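Q: Given these sequences and hints, build the entire structure.
Those protein sequence lines, which keep their order, are chains B and S. Be aware that the first sequence starts at 3, since it is given in our numbering, and climbs by one per residue. Be aware that the second sequence starts at 3, since it is given in our numbering, and climbs by one per residue.
Just so you know, these hints were derived from the structure itself, not from any lab. There could be a bad hint or two in this list.
Each pair may be met inside one copy or between any two copies, as identical chains are not told apart.
Unchecked claim - Lysine-lysine pairs mimicking BS3-like chemistry, simulated, CA-CA at most 30 Å apart:
1) Lys53 / Lys124
2) Lys124 / Lys103
3) Lys103 / Lys53
Nothing here was measured: the structure is a model prediction, and the numbers come from that model.
One-letter residues, chain by chain:
Number of protein chains: 2
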Amino acid sequence: MPRWPADARERLEAAALDLFVEQGYEQTTVTQIAEHAGLNRATFFRHFDDKREVLFGDQDRLAGLLADGIRAASGDAPLFDCLQAAFAAVDPVMNPQQRGKATQRVQVMMASTEVRERGLLKRARIAEAIAAALRDRGADQITARLGAEIGLLAFSLAVERWINTNDQRFALCAARALRELRTRTQDLGSGAGALGGPRSQSPVAQSDTAS
Amino acid sequence: MPRWPADARERLEAAALDLFVEQGYEQTTVTQIAEHAGLNRATFFRHFDDKREVLFGDQDRLAGLLADGIRAASGDAPLFDCLQAAFAAVDPVMNPQQRGKATQRVQVMMASTEVRERGLLKRARIAEAIAAALRDRGADQITARLGAEIGLLAFSLAVERWINTNDQRFALCAARALRELRTRTQDLGSGAGALGGPRSQSPVAQSDTAS
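A: Rendered as structure tokens:
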């Protein structure tokens, strides 16, 4: 028999998010989080290094899934096909429970610079994971870094949409974000027009404006 | 007469960087920094909110210069011309003294997660300043965010080169970074070839595989 419940981690995450949103991140102690989850401080620190980590427990797993998806894409896949594979790989974990957590996390990050800094560190690590996967596919250093920034922006856009539209699956939000970014990457790379000027004539660009 | 020397800020920054590199960020106190600069703690806190801020005192000014440069670019300038204008605007402050500070800052960031997090927060604020300037030029939200990530990556590449090549002016490093990123943005946007493979010469029409 384990000495603590198998779902301790999830309960600690849920308790922390509830308390952070209710009473504020700064005002919440690790002891309160543990008690709210029906556990103790020692159990908390078995699962998380500090109070901020409890907010980002699933980010490392996401980074791994995204990178695995990119590595598994077909041999000659261009960037946006690799990103599509990455988002397909995370789609199964993007369930309603995750959406609830993501929504609460955004609220907490907006209220605390300290939390936002940790979120940015996690973001940087996801970017590094994506860049490493792109390098494994033969991309040079700079292409891999650029591809990672585009991929991370696509992921952010997809998650933002997914949080704000309760009736849509993550996969749909991800597909839309990829379409929007592909068009814009084309436009900015071609440098054909002014930033606010008429876009290239793809049918995708027209549907994008309906957001 | 001012109550503290006019160059107190610069002396505190230099003292902090010297001590952080010599004895480590964690091991250095604000009192030590102030004493090393021939000043006292109170003067330190007149200039900086906390120990981490002393490392990033010039980042807000950089963000402002980059944004001003973008706003001042000619009316129909595409993204990479706007970025060129941004880098031209910061070039005058990228002097040998700044290069020394940037070199030390990288060392400190590599040794401390806490410092790296603050650096990422400053990075995010520069991205927001660039995105705001691009929106002012008529770019939509997503184009502005994509342009800001590309711009920030170009700036990072330029600074990395500038730090590592003592004999080059920042402007030259910036021009090279922009050329490299423009080519890659074009390639990734066109999606014509595999990431590491030979690039196809024909602008193949893309099927909307993401939908």
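Q: Output the indices of the hints that this structure fails to meet, ascending.
A: none
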